[in-house]
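Enquirer: Chains A and B, in that order, give the protein sequences.
Take the first sequence: its position 152, counting from 1, is numbered 152 in my numbering, and each next residue is one higher.
Take the second sequence: its position 479, counting from 1, is numbered 976 in my numbering, and each next residue is one higher.
No lab work stands behind these hints: they were computed from the structure.
There's no promise every hint is true.
Chain A regions said to be covered by chain B (calculated; three or more residues, Cβ under 8 Å) [what the hints assert, rightly or not]:
(1) 64-72
(2) 139-146
(3) 176-190
Interface residues of chain A toward chain B, partial, derived using beta-carbon atoms under 7 Å [claimed, not checked]:
(4) P52
(5) G55
(6) I58
(7) I150
(8) A164
(9) F168
(10) V169
C-beta atoms are modelled at their ideal positions from N, C-alpha and C, and glycine is treated no differently.
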Amino acid sequence: MLAWTIYLSFLGAAAVLLLPSQQERRAKVVALAMALATFVLGVIAAARFAPPRDGSPIVDIVRVPWVASLGIDYHLAADGISLVMVLLTGLAAVAGILFSWNIEERPREFFAFYLVLIGGVYGVFLSFDLFLFFVFYEIAIVPKYFLIAIWGSTRRTYGAMKLALYSFVGSAMVLLGILAAYGVAGGSSFNLLDLAQHAFTREFQQWVFPLVFVGFGILAGLWPFHTWAPTGHVAAPTAGSMLLAGVVMKLGAYGALRVAMPLFPMGVAAWQDFFAALGLIGILYGAMVALVQKDFKFVIGYSSVSHMGFVLLGLMTLNGVGLCGAVVQMFSHGVIAGLLFAVVGRMVYDRVHERDLDVLEGQGLARSIPFAAATFLVAGVASMGLPGFSGFVAELQILVGAWRSFPTFAVLAGAGIVLGAAYILRALQKAFYSDHAMGSSEPGPPLPAISLPERAAAILLMATSLVIGLYPKLLIDLILPALQSDLMRVLSRRSLL
Amino acid sequence: MIGIDYFQMMQSLWPEIALVITAAAVLGFDQFCARGLPLESRWRGGVLIAGIGMLAAMTLVVLQKGAVEIQDGMLISNPVVRLLKLAILAMAFFCACLSLQNRESRHAGEYVILLLLATLGLLILVSSDHLLMIFIAMELASLSFYVLAGFQLENRSSAEAALKYFLFGGVSSAFLLFGLSLLYGLSGELLLHKMTMAWRANPQEPLLVLALVMVVIGLGFKIAAAPFHGWAPDVYQGAPIPTAAFVASASKVGGFLVLARVMWSGFSGLEGSAAWQAWAPGWVPLLAVLAVVSMVWGNLAALSQTSVRRLLAYSAIAHSGYMLLGLIAADPRGISALVYYVITYGLTTLGAFGVVAVAAPSGNDHWDAFAGLARRSPGLSFCMLVFILSLAGIPPLAGFFGKVYLFVGALNSQTSPHALLWLVAVALGTSVVSFYYYLQLLKQIYVTPPSENLPAICPQFSVQFVLGILAVFVFVLGLFPEVIMAKTEIFLMEAGW
């Protein structure tokens, strides 16, 4: 059933393209219906997900030979981690479409590219054959370029090209690593589960692991390869930023967790400290740069780098708590960053046509669009890691995990959280609750009211963050068993030694 | 001299005979029936007859069964040869259809006849193991190409293209002939597969090195591998579009097949090795140098092109470099990958040229002519999107699988397993460079607004048909690569060559 999330997305893209050009407005209805359908499928699958008690927590969906002579299968499967990511994708897809309800320019093409991207992302999260995984991974990259270059704003073609080239460099590294592993393991199977059985030599793992990890890390915003992320986020249209931060960056982190780490455990052990340090630098650097940005959207762009740093740090803790925290953080950041970008890009920029915080300071937006201010407040405190929201659950677990593996890093990462509070509060104050605007009696120019689709999407995302924050067991019960599978167990066992 | 079984020979030559009859029919039609008709009808009539003849020849190829060798390899018919013949005939058919869009000349009949003769030459070229036959067939094809390239009498760049093509081609033929005569002199054999015995007796013969170098230079011109690529950009740009498309596709199939046969069969036992830091003299390291130079130079030079046809030319040089990887692997899987790649590449390039033929018919193929094409003709742009993404190697299109297949072949080569990783790394690195210029072209089509209010483009039915079919091919061959590769690989594994 989960496989239909992929097919529905691609079918939706085709259907949108095939609509007659007079019915361009109907495109968004079709797109929304498809995205909703995939989201509902994901929710049902997650609710009914019950792997056999004594068997592997990885449940096959489809497994048929695709290119038999090279050992390529069409192998879709799911475990708890994939399910969490599928849920996130569904949420981001629905919210993104609701927030792009005002797209007037070439809507059919917009939603076609959008749905192809979503389909590719679903595919990545459900593939257990590395070749298939890579196919979906690339499918998810190309539409990004067009979404940003055609419908974007500031320096859109530059941002789009930078993002595309960084992604392609990353995927070339990943492909080289996958092919090398495939060749060394005998060249008989691309299946992740089969390859994981092979004992690669220590020397091989020590150079392939950093290659593949950095390849994935580029997409996950790994410092110092993160520079595409802020420019890409700023250039992208609102839904583009939401998907970029919400799911595309997660592709990289997910790839690292699913492919790079289980295949090369000795490589992970050798490079653990190094990549943890890079993750930590990402946390601090992203937060400090976000603190001094003038452009509202850049603040959120750099905050993504910072939050993804937490994910990478969590991955490198190599213990159950840290890994679980990393996955929860992927989910949580996907929801919260989507919300923040929606406020900045859709609610504020589309109305005020201004993103410079110093200019916004004079406008007292909290009075003209109070809903936007409230949404940003909620998303902001969630992003800071206030208890009760998903960000808290995630970052707490990561810090606990990091404390066990490298206490110094944990302390410094804690400082990152404080910085996170600082830049969010600064942006919140400047953009919405500035004193001298609040003091003046003249109201700002009337702005169009926040529309129903926007409200619906914002409430959906806020509610998700709140529910996960109050009852994280929903996700953790999915993630923890998945970390015990034959594939993933090798990661957390290492720390016990 | 052994007696020749003419009946058997006829049987395996039916497709070629059909082409000769078709050529005569076109000549007769043009000479006797079409004198008084308007130009358009003469073109249509000629192409119609040629198309029927080519379809008939394809049917005859399909009907042939088994593996036959006449006169010990003077003429060969086996599944791989038939596959290539089918591909060449299909490419010729599509080129004939394309020539209806740009009726370059008043000499309709002559153009079609030369196209048929070139096809005939290529068909014989791929089905012979005999040095003289190879050379004669190659000259038949090349001489037809020279004339075809200069068919726009009133166009200076067409004349330039023809002259350059002729001069370069003539010199390369001389090199090739010199090399082949040395081979004959050294071995006393004209059949490639019999030469091995002579080398085994005396592998240190210095003249053999000379012969090898001469042959590689001669064939390097034909496949446009750097540094022997000088003619390609001018021919691709100046020649009439159907000619350029044919040179870029079918002649490449022929050229690569001959190169593969001469190297793999003629120089068998003299492979040497291109493994990193373990070089051994032979033809493999020689080709490895060509491959690296082609990949690097082709991709870098393409970056600075502003003419779409020159861009395709430089990308063709780079693709020659990738294809050489299959040969360098020097085993059946590598050759099978080469066969797959050269066929899918030919079809893709043909499609790209088809789009150029419609979008820039006046010969001005600067970037700007493609600006905003997506708004002038969505269908055409979508086809171009498919072709260009396939050339760039984006899944699930044929170009992606072709690349992976080549890389897997090179990595798992039986002669030097895992030793060619450095070549694969170079190929992946340079292909990242290629994304830039492919995306630039797509950006012109999809992002840049049209410079003035140009009318919508509605290509002729024949061209729509060709482009549609080609786009479907590129999709289907990418999704189901086993259509081509399974049989090829199995046959090559079993039968050698």
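Enquirer: Now tell me if each hint is right for this structure.
Expert: Now for the hints, and whether the structure bears them out:
Judged by the Cβ-Cβ criterion of 8 Å, the region 64-72 of chain A is covered by chain B as claimed, because 4 of its residues qualify and three suffice. Residues of the region 139-146 of chain A with a Cβ under 8 Å from some Cβ of chain B number 4, which satisfies the need for three, so the listed coverage holds. Here's how the region 176-190 of chain A fares: 7 of its residues keep a CB closer than 8 Å to some CB of chain B, so the rule of at least three is met and the hint holds. Checking A/P52 against chain B: minimum C-beta separation of about 33 Å lies over 7 Å; hint violated.
Annotation: interface hint on A/G55 violated; nearest CB of chain B at approximately 32 Å, more than 7 Å. The interface hint given for A/I58 is broken, as the beta carbon of that residue sits about 24 Å from the closest beta carbon of chain B, more than 7 Å. Hint status for A/I150 relative to chain B: holds, with the closest Cβ pair at about 5 Å, below 7 Å. The criterion of a C-beta within 7 Å of any C-beta in chain B is met by A/A164, whose closest approach is roughly 6 Å, and the hint holds.
Nearest Cβ of chain B to the Cβ of A/F168: about 5 Å, under the 7 Å cut. The hint holds. Evaluation of the A/V169 hint against chain B yields a held restraint, the C-beta minimum of about 5 Å falling below 7 Å.
Taken one by one, the earlier hints fail for this structure at numbers 4, 5, 6, listed in ascending order.
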